[in-house]
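**Q** Need the complex rebuilt from these two chains, each delivered in its own frame; the hints are there to steer you.
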Amino acid sequence: MRDLTAKETLSIVVCHEDGESARQLAEYASRGIEEEHMPVLLLPVATGNSIELARLACETSLLAVGVGIDQQGSISLTHFQMPADKPVLHAPSGSDTRKARLMGGNAARLYKRIPFIFE
Amino acid sequence: MALIAGVDIGNSTTEVAIARIDNSQLEFIASGIDRTTGVKGTKQNIRGIINALTDALRFTSYDIDDIDLILLNEATPVIADIAMETITETIITESTIIGHNPSTPGGIGFGVGKTIYLKDLAAYNGPDAVIPLVDNGYDFAEVAAAINQAIDQGKPVAGAIIQNDDGVLISNRLKYIIPIVDEVRFIEKVPVNMQAAVEVAESGKTVETLSNPFGIATVFNLDSEETKMVVPIARALIGNRSAVVIKTPAGDVRARRIPAGKLQIFGQRHNASIDIEAGSDEIMTSVEKVRPILDVRGEAGTNVGGMTERVRAVMSKLTGQPLEEMTIQDILAVDMFVPREVQGGVAGETALENAVGLAAMVKTNRLPMQQVAEELQKEIGVRVEIEGVEANMAIIGALSTPGTAIPLAIVDMGGGSTDAAIISVSGETYSTHLAGAGDMTTMLIKSELDLDNMDIAEDVKRHPLARVESMFHIRMEDGSVRFYNDPLPAHVYSRVVVLKGETLEPIISHHSMERIRTVRREAKRRVFVRNVLRALRQVAPDGNIRLLDFVVMVGGSALDFEIPEMVTEALAEYKIVAGRANIRGSMGPRNAVATGLVLSYFGHNNRGKA
Chain A
127 MRDLTAKETL
137 SIVVCHEDGE
147 SARQLAEYAS
157 RGIEEEHMPV
167 LLLPVATGNS
177 IELARLACET
187 SLLAVGVGID
197 QQGSISLTHF
207 QMPADKPVLH
217 APSGSDTRKA
227 RLMGGNAARL
237 YKRIPFIFE
Chain B
4 MALIAGVDIG
14 NSTTEVAIAR
24 IDNSQLEFIA
34 SGIDRTTGVK
44 GTKQNIRGII
54 NALTDALRFT
64 SYDIDDIDLI
74 LLNEATPVIA
84 DIAMETITET
94 IITESTIIGH
104 NPSTPGGIGF
114 GVGKTIYLKD
124 LAAYNGPDAV
134 IPLVDNGYDF
144 AEVAAAINQA
154 IDQGKPVAGA
164 IIQNDDGVLI
174 SNRLKYIIPI
184 VDEVRFIEKV
194 PVNMQAAVEV
204 AESGKTVETL
214 SNPFGIATVF
224 NLDSEETKMV
234 VPIARALIGN
244 RSAVVIKTPA
254 GDVRARRIPA
264 GKLQIFGQRH
274 NASIDIEAGS
284 DEIMTSVEKV
294 RPILDVRGEA
304 GTNVGGMTER
314 VRAVMSKLTG
324 QPLEEMTIQD
334 ILAVDMFVPR
344 EVQGGVAGET
354 ALENAVGLAA
364 MVKTNRLPMQ
374 QVAEELQKEI
384 GVRVEIEGVE
394 ANMAIIGALS
404 TPGTAIPLAI
414 VDMGGGSTDA
424 AIISVSGETY
434 STHLAGAGDM
444 TTMLIKSELD
454 LDNMDIAEDV
464 KRHPLARVES
474 MFHIRMEDGS
484 VRFYNDPLPA
494 HVYSRVVVLK
504 GETLEPIISH
514 HSMERIRTVR
524 REAKRRVFVR
534 NVLRALRQVA
544 PDGNIRLLDF
554 VVMVGGSALD
564 FEIPEMVTEA
574 LAEYKIVAGR
584 ANIRGSMGPR
594 NAVATGLVLS
604 YFGHNNRGKA
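Listed in order, the protein sequences are those of chains A and B. Numbering of the first sequence is given in this note's numbering, commencing with residue 127 and proceeding in unit increments. Numbering of the second sequence is given in this note's numbering, commencing with residue 4 and proceeding in unit increments.
One chain only, chain B, in its complex shape (with noise of 0.2 Å):
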């Protein structure tokens, strides 16, 4: 009897498969699978690979040290990293507006008038319109009543900016209602005596005036030139129910464009030039003109030129091989809209900025994964062989699901690549890799969805979304309602929340469920969908995605609820059945290149003993 465990070190998960060999009988008798430990290829990964082996023989009677032969693959020398720029910025210098959300603005309407200080209110004898700033050392009863005194002496009060949220307690107690923004976090920067311009909308509506550029035209007097240079200021304040824009001699708002830079493709036949802003579906006509790439490089001195060096160096740290052999091999570039902080805003505001996010693949040298094997061998006593090539590795591991027959293509969706291999009738195979996977869907949900951390992204990524709407009950996605018999925690109630298992993960964001999920799928769909695609026309006869027939979705991606369907849904377009794997029958979409690295053991030792 032989105890033979099939390793595979993958981007982001070790995965084991170990079986025994009896008198030419091959039995699977455990799987594990931990997390790497270190960038694939190198010596850190001992630590990831013992887990998971530990992980496996968890429910066995083995110990480490009774397994007999370990087999790693010969590890694809791709790596991949992702980036994100933002390539435009709004910026307000020498004037300022207020447009954020607080809850509860007081009072309705659109008032225009000069800035002053609560205090000077009294003292004021002039026939302008005004507007005070009434800083948080005021009671809302002190300035209603102070107001109230003004609009009894006749002078025009035209609407209220206040630091404290106290909108409504003071609307309440005014004779007259005037529009009240309140919750304005740095009141101090609110310049005095100058014109401004205060809008409240009534509930379930947002401002109409400071949100259209000729509405601020309108207010401020401002001739066409000056109209143009108030764009950006609308745009920041559309869907806001409350608004303040204020007019500062020289006012001066611009939204910047920062010099994205070019993106320069090196190809085998030819190069490519192109506009990061020209969008990501000009940047991916690009790269498969100049397709197979040699290297991708970033204009020096602009933006994507600091994405590109940084990934490059990333890689280069990493793998301990000199920056100037870091070949980037793929790229995927995808639009984004992250919001932003408005510099010089007053209130915290944000506005959409447009974004490139970029993937990146860097080829480097084959990793050394014989130095992995004989550091593996020194550390458990174990012997260790490399057995094979991943990408056949993984075609023999998903020939084991049922339903399967030589041809047949799979994609590979970790977490750092898109790979693509397949295998024709007479059992050539094709391989590729391709930037941009789980990881980079992840960083698409955290900046589009402005979240705190990758943690939470990566929970939004995973689970299905639910709204608490009780203190006993849930909505979820699709609509169902599950009921708890003990009151939820109060700090999900009426939140959007992540479903993981039994826990309920709030999301600490203003969106609504509905805008979260089409964030989540658009990201799955932006780089799997299209990445599969990608992959496919590379190992496809002549490039021809419908010469294909069966496709198998195997890597830790595969196990999305949603996006086998995608690419299902996807791929049916062009006639090919495509599904998710079932390694051995069992395992899912799981552990394919563990168990075709010791199935292939098998195939090859038991035909010298035949």
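Looking at chain A on its own, in the form it has when it is part of the complex (with noise of 0.2 Å):
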């Protein structure tokens, strides 16, 4: 992973497996923490499952939030307080870009502190 700067990181970072379908639910989950008007961070990284995505993710966030996508379609949100096998919220392998975007906009609501939308 390149060097990031202190400004990208101070954003919700989306860690998404370098394939297509993968970059286009991030690129949903983007449009849901922007619509929040949270500052985001895609990055894409070779390979791992959305649990271990999330935990770097929220690792590499100086807001300490994170979502973590892989091939399969499969969504975590989490936050570095959490445990690292417990995310906030899960979406189970093929999610859609809708699913995606939902899961965006409840990162940003985790750090903003309102209650998540289910639907």
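The set of hints was computed from the structure by calculation and includes no laboratory data. Do not take every clue at face value.
On the chain A side, residues computed to face chain B include the following (Cβ under 10 Å) [as the list claims (entries may be wrong)]: (1) Leu-130; (2) Lys-133; (3) Thr-135; (4) Leu-136; (5) Glu-161; (6) Gln-207; (7) Leu-215; (8) Ser-219; (9) Lys-225; (10) Pro-241; (11) Phe-244.
Derived SDA-like pairs: lysine to any residue, alpha-carbon spacing no greater than 20 Å straight-line [what the hints assert, rightly or not]: (12) Lys-212/A x Asn-139/B; (13) Lys-212/A x Asp-489/B; (14) Lys-133/A x Thr-186/A; (15) Lys-225/A x Asn-139/B; (16) Lys-238/A x Pro-490/B; (17) Lys-212/A x Asn-488/B.
Glycine is no exception: its CB is placed at the ideal position from the N, C-alpha and C atoms.
**A** Structural data, given as structure tokens:
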């Protein structure tokens, strides 16, 4: 992974597997975050499952909030304080773009401390 | 040895006290409680009685067959019911407002222009400012590109109305900041080619122009008569972060006042007729003047008429007694503000409407307790007797509270009614029954907070609140913090919750914890403090509460975590020592009547032997 500046990491970080379908979901997640008025950073990573990627993302983010998306379409949202194996929210494989945007919005809501939207 | 059970069938719970009498020694060995089945005084109660007896015997070596005698009380022939009716309604016809609170509107500012479909924007060439309407068929990038192109061509775009939740995404891609209202659910209802005003306030603020009748008048050049018409619009928009008002020709918005009707109170000496719109204070003043009440009727063909008829019809059906015999003996009226969906809104807007809540106490014939006793005896094969009148039994039970003595006043705060009784030094008792108690409080909480169902309203009433502040901690309504070792479930995150022991029950509403707390406490105060004072005034010597020394609170609502404090505080003004009962020194405010039944039986039987 390239070196990141402090300004870049002062965002909600979305780590996604470096493949077309994960990239597309990450794009939608970032829209959800933007609609909530929060900065976002997309980071492609060679490989990993969504829970590991979310962990990596929240450890990278100065806001301590991270989203992980894998090629199977599984999406995880976690916070630095959460146990490594327990994401805050988790969407199983095969998530669509709508779900990805919702997860992005909820990532912003986690930081802003407002209730999540589930549907 | 004899095993005696006192059974008290209340409006909402059936309570049991079981005692062993051995060589003139009385010893209470068990207590039980269960939900009352059916309306009290009907045969349906038997199920609940058996459940409560089973509950009591759970930790003993006895079975129901081992009981020698069951004592029932002569139930008070009153049953309470509650109803609520809104008396105002905001209806918008031939004109449109959008006044919901999307979480993230786009841009900022105020704009006026004609509404136009986005697809027609490219072809538009007029001089007037326009406001595009965007349905969910467009992607935010397309919308931003189309508006940017229009701006480049010098077309005046004053704002935008969007169906999707894309306000910020679009705004971030525009060359100029314009107000954008999004999440407009029924965008197809927004009229096109009409003059519209769009306003988005910066975060933390609320709309200023469209929530002001004169602001709307300025925008649409209204005369003074027309300005009067837009007052309900302005009212409905107060407190919103974004708003749209669209004027259509012959636009007509009005806050309709539903003819609420008059309440007729028939007393023994005189009658009163009072307009519901006069408010609850006026109604209650009339009730006090007319007392003792023979019946209360609502004016036929009005809301209140429907309300009182409904109460009587329900009661008649439940008790199986003819409708004509159902007379209302007491009412408690409470003013309420209830959120109601604005008729004709396009995004699910709500407005606070006036409403009146009414608890009514219906006098029936003597409840057929004897029948219940006979049925019960037949069903379980144990001798059943009617021991005494409810109020007297409650006093006898309450006197088992350590530190009490005759003369004593009790208030019984239950689910359906608030009762008071007094015993004088000479042993005479007086009692009264008033409409309105726990169920009324629950209804007020449910309506004022617009909660989905009675269960959650009941939870709000019974338990303190907290707010989930992180995945690991909650802050209680008193400000203290509780930490959890395991992450809390995501669906309670950042919500206001009720603390039911270890479970956190989220309250799905936009109300703040402070607001919910205020509504809860006000509901309790308006029902219980008012009713306790009313009830005590009726049993106190010369109607003077100050002549009472001791007041003991019994009943299910006396278990509440704040009602007894509120009552104690209110009665302290009259220099009365008031507190929660502790029946038999161990039962708290519960079980007064059941205990009283056993004590009463033991009292007169022992006297016989001695």
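**Q** All hints, please: hold or fail.
**A** Now the hints, each set against the structure:
no., hint, verdict
1, Leu-130, "violated, 22 Å"
2, Lys-133, "violated, 18 Å"
3, Thr-135, "violated, 21 Å"
4, Leu-136, "violated, 18 Å"
5, Glu-161, "holds, 5 Å"
6, Gln-207, "holds, 7 Å"
7, Leu-215, "holds, 5 Å"
8, Ser-219, "violated, 19 Å"
9, Lys-225, "violated, 15 Å"
10, Pro-241, "holds, 5 Å"
11, Phe-244, "holds, 7 Å"
12, Lys-212/A x Asn-139/B, "violated, 35 Å"
13, Lys-212/A x Asp-489/B, "holds, 10 Å"
14, Lys-133/A x Thr-186/A, "holds, 12 Å"
15, Lys-225/A x Asn-139/B, "holds, 17 Å"
16, Lys-238/A x Pro-490/B, "holds, 18 Å"
17, Lys-212/A x Asn-488/B, "holds, 13 Å"
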